[in-house]
Amino acid sequence: MAIDLSASTVDVAQMKVVPRRHPWRWVGVAIVLITVATLIQGFLTNPRYQWGVVGDYLLSGAVLAGLGRTLQLTAIAMTIAIILGIVLALMRLSQNPVLRVVAGAFVWLFRGTPLLVQLLFWNFISALFPTISIGVPLLGPEFVSFDANTVIPTFVAAILGLALYESAYMSEIVRAGILSVDRGQFEAAQSIGMRRSLLMRKIVLPQAMRVIIPPTGNETIGMLKFSSLVSVIGLPELLNSVQLIYARTFETIPMLIVATIWYLVVTTVLTIGQFFIERYFGRGARPQAQGTPIGQFLRKAFTFHDKSRKESAQ
Amino acid sequence: MSSAIISARGVQKSFGRVDVLKGIDLDLFEGQVMCLLGPSGSGKSTFLRCVNHLESVSGGVLTVHGQLVGYRERRGRLYESSEAEICRDRSDIGMVFQHFNLFPHMTVLENLTIGPVTVRGKSRKAAAVRAVELLDQVGLGDKLKAYPRQLSGGQQQRVAIARALAMEPRLMLFDEPTSALDPELVGDVLAVMKNLASEGMTMLVVTHEMGFAREVADVVVFMDGGVVVESGPPGEVLDNPRNERTRAFLSAVL
Chain A
6 MAIDLSASTV
16 DVAQMKVVPR
26 RHPWRWVGVA
36 IVLITVATLI
46 QGFLTNPRYQ
56 WGVVGDYLLS
66 GAVLAGLGRT
76 LQLTAIAMTI
86 AIILGIVLAL
96 MRLSQNPVLR
106 VVAGAFVWLF
116 RGTPLLVQLL
126 FWNFISALFP
136 TISIGVPLLG
146 PEFVSFDANT
156 VIPTFVAAIL
166 GLALYESAYM
176 SEIVRAGILS
186 VDRGQFEAAQ
196 SIGMRRSLLM
206 RKIVLPQAMR
216 VIIPPTGNET
226 IGMLKFSSLV
236 SVIGLPELLN
246 SVQLIYARTF
256 ETIPMLIVAT
266 IWYLVVTTVL
276 TIGQFFIERY
286 FGRGARPQAQ
296 GTPIGQFLRK
306 AFTFHDKSRK
316 ESAQ
Chain B
1203 MSSAIISARG
1213 VQKSFGRVDV
1223 LKGIDLDLFE
1233 GQVMCLLGPS
1243 GSGKSTFLRC
1253 VNHLESVSGG
1263 VLTVHGQLVG
1273 YRERRGRLYE
1283 SSEAEICRDR
1293 SDIGMVFQHF
1303 NLFPHMTVLE
1313 NLTIGPVTVR
1323 GKSRKAAAVR
1333 AVELLDQVGL
1343 GDKLKAYPRQ
1353 LSGGQQQRVA
1363 IARALAMEPR
1373 LMLFDEPTSA
1383 LDPELVGDVL
1393 AVMKNLASEG
1403 MTMLVVTHEM
1413 GFAREVADVV
1423 VFMDGGVVVE
1433 SGPPGEVLDN
1443 PRNERTRAFL
1453 SAVL
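Protein chains in written order, with my numbering: chain A, 6 to 319; chain B, 1203 to 1456.
Isolated chain B, as found in the complex (with noise of 0.2 angstroms):
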């Protein structure tokens, strides 16, 4: 375990006059695999698009790469990022959806090679080549002309990791990737999402698969109303929860 991936200390995001985030204190380290656990309107999605800026946070300082998101230090001050360095920090981090948002009037060959091409720079037989690789990894290799619509929904979110691989991330960030699926189409990403785990990747994870959490995950992450109420290795969160919120979450899911 070497340098921490994300950093955050004190994360506060807020809506208007309703607050989210309320003081998010956590660090993901390389080859880590962390699950965000909680009920809804807790704050776990907040938090994961706050992580590539999709959201920008509100108080609490957030680095992710030793960068700060959203901002650059230089000489003593916080210099708001120009689009160019939002843009070139979020081409390191993919991020998968609950609805997988494919570019729907592209096939999925085209949805994998425009970001390395437009992107990155990389030359359209390179991507496509890499993409092929990418495709074959998931099961998918035989679909390279098809269209989205053509495809069911774990075929489409298996699509949608490799078109965030296929931008070569350091880091994975997974909000609620199965929870729009159909129940027998859960396991094929879910078998996707622990192979890239296996290999190393640095993944942060909002989940309802409990099972996947106990598996594969190497820090749970329990939050409730915007706060990190327990957080440890699966085994202790999950089996032997010492807060009594965490306690009562997790005997209304399992």
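Just chain A, same shape as in the assembly (with noise of 0.2 angstroms):
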């Protein structure tokens, strides 16, 4: 029915306004709860998931050295493949083209071929190069040589495969976060005289970490999962650990339980981590949308902080 506002006896402003009605939210609900109720019985219900055996060995020592050989590989691992990607990405984004060649092929390489093909290799390099030796390369003198089975022992072999696969990755995200960055920004800060390497460090890197932070939480968070193929190389870290409790008590479903609640609490510690260095490298940049789950709890609960909004609120 049309409404003539101009009759003086419809009052539109009066009237109670329906919200409208979404009755399929309700199913979608419903279905949910039913799912979730269902996982939850079986949980409790199910003698063979051994919660016992799971409490018993979620805090014992193997378990817990394991996990720390796990946070020691991420970490490791991780900070030289930041490092290096960071090196890489200059190297291709560099004039010399020398360099960006040899970036290319090493991206190519590290990421063309599966990291447990490449964490075997590491481990059987003795194989292709008994010693190693420092001198000068084709004609020159050795000054030392090592057997290449003490210089790469497990661990090492671990952490090459691990660092070198995830620095090609680290190498694509960061060259996306430079060239993210207006080229406005470069010629600003060539204008006051600032060299390549300044600008790089003082301008251009510090805006990209806002683009490179998200990923690279990502990529860490993926290299403590990506850390369990070292198990077949035999370092025993977090999966390796269990799998020699389980090879001994049969037990399976319980320890893998007891690895998984593992991974889950510090890739929950490391989503709140990255919380807050996408914080501190948004600063001066608008307030970032959604996230994690996670991310948007802590933001909620940590705007009181946020001293820009209040500011730009003035």
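Since the hints were made in silico from the structure, they are not lab data.
Hints may be right or wrong, so weigh each one.
Straight-line distance between alpha carbons at most 25 angstroms, and here's what the computed DSS-like set of lysine-lysine pairs gives [claimed, not checked]:
{"no.": "1", "chain 1": "B", "residue 1": "K1347", "chain 2": "B", "residue 2": "K1327"}
{"no.": "2", "chain 1": "B", "residue 1": "K1345", "chain 2": "B", "residue 2": "K1396"}
{"no.": "3", "chain 1": "A", "residue 1": "K207", "chain 2": "B", "residue 2": "K1396"}
{"no.": "4", "chain 1": "A", "residue 1": "K207", "chain 2": "B", "residue 2": "K1324"}
{"no.": "5", "chain 1": "B", "residue 1": "K1324", "chain 2": "B", "residue 2": "K1345"}
{"no.": "6", "chain 1": "A", "residue 1": "K207", "chain 2": "B", "residue 2": "K1327"}
{"no.": "7", "chain 1": "B", "residue 1": "K1347", "chain 2": "B", "residue 2": "K1324"}
{"no.": "8", "chain 1": "B", "residue 1": "K1345", "chain 2": "B", "residue 2": "K1327"}
{"no.": "9", "chain 1": "B", "residue 1": "K1345", "chain 2": "A", "residue 2": "K207"}
Relying on the hints, combine the two individually framed chains into one complex.
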């Protein structure tokens, strides 16, 4: 029915507003609730989860040692990968064609082969090069020479495998970050007389960080999980530690749950850390939209700190 | 009027097969304000960017402060300048961009001190003192701790001018400094520029602000198609243009 506002008998402003109904949402909610209830019932009533065993081993020495080694592998490999990734990205963006080609070839090689294959390669490197020596290539004298098996023990092989593989990915992330910085920023920095190295360090990389950090957080979480591949070369990290236990006790499922719980705990901690790093590098920028559920929760929890918002509201 | 700060003789610039500058001759003397006018694509901005070597010239001779831009002459040969030499030359030339290009991850104060501290080796404290003076001059003394995005376009551009001045330049380049601003903010920026001109700064300004050119410029240069069509005092070029193209452009703008 058409409403004629000029007719004084109709007072639209006083009418009751009925919100739009969303019946399908309730169907969705029902499906989700039923599924979740079924899962929880399974957790609680299926005796083969053996929650008692999970509790016994969750904080056991062998598992914690494995967790420690997983964290160590992730931290060292990621640190090397980030530094090497930045170097490779700068090489790919450099004006020197030799550097560009070398960096491109590196990324091609390490991104193009499976991590598992690379780990096995590093582990058996002594079969390829029994001795490693430092000297002048091709003709010169050898200064020192090592037995490859002693210089590259399993732990170093694992670090090399993880770090080199990851650095190929990190270099692409860093490169994308640098390319995302506006041309005008380069020109403004050049026009006040900054050299390229200074310009990169002070102007471009800090801004590229905003683009680099979120995928790097993903990569770190990925690295935490990729590090479980190292179990194939017999390094007792988290997965290998629980494997050693269930090989003995046959409590396979509860031990895998122990590992799962720890991976989830560390991933959660990393996600929280990522939130704070992102906020640091986002200073001076618009408040970022969305992010992970944990990030959204933290953002709500910590907005009273957000000085920039308060000031801009004034 | 003493020495020429910028001297151009037959300056050419081409991007691939496109000739943007086809032989520019002009002189800018110390303390002068020169406005470059002309339709878009006429090469004004390109010439400006050649002055501080953001673009390299493809032909002709361009000197700034008596030095060849991009080259050093030694024993009858021209050597391409090293990065250090280019940076030293640039640090004496302030540049203001159409889109401000403030560093968004730094506060206003840091924007002003980063150059003097990292390039000139000034102490942080001395740089900050000078920065506060300059911000007062452009009327933004209360915005030290603000980030660029919290400022209006006009305020950002005034900060950008202060950032350029913090390097104590001997020459200022302005590349359409008011073109990206809302009309009501243009006046503040022009006022700062007028003030600067009255203090005797040598300025090369690419602009579409005819009023500013008429009032402040010592020399107005009209460019079209990569050449200087007409140049002279604003009264002559703007009011009695001799060239047909100048006349057509001015009647379209005014």
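Each hint, compared with the structure:
1. For a cut-off of 25 angstroms, the pair hint linking K1347/B to K1327/B stands: about 16 angstroms separates their Cα positions.
2. For a cut-off of 25 angstroms, the pair hint linking K1345/B to K1396/B stands: about 22 angstroms separates their Cα positions.
3. About 32 angstroms separates the Cα atoms of K207/A and K1396/B, which puts this hinted pair outside 25 angstroms; it is violated.
4. At most 25 angstroms may separate the alpha-carbon atoms for a hinted pair to count; K207/A and K1324/B meet this at roughly 16 angstroms.
5. With a CA separation close to 22 angstroms, the supplied pair K1324/B and K1345/B stays within the 25 angstroms bound.
6. Restraint check for K207/A and K1327/B: satisfied, since their Cα atoms lie roughly 19 angstroms apart, inside the 25 angstroms limit.
7. Our distance criterion of 25 angstroms between C-alpha atoms is met by K1347/B and K1324/B, whose separation comes to about 20 angstroms.
8. For the suggested pair K1345/B and K1327/B, the alpha carbons sit about 18 angstroms apart, so the restraint of at most 25 angstroms is met.
9. Among the hinted pairs, K1345/B with K207/A is consistent with the structure: their alpha-carbon atoms are about 22 angstroms apart, no more than 25 angstroms.
Hint compliance for this structure: hint 3 alone is broken.
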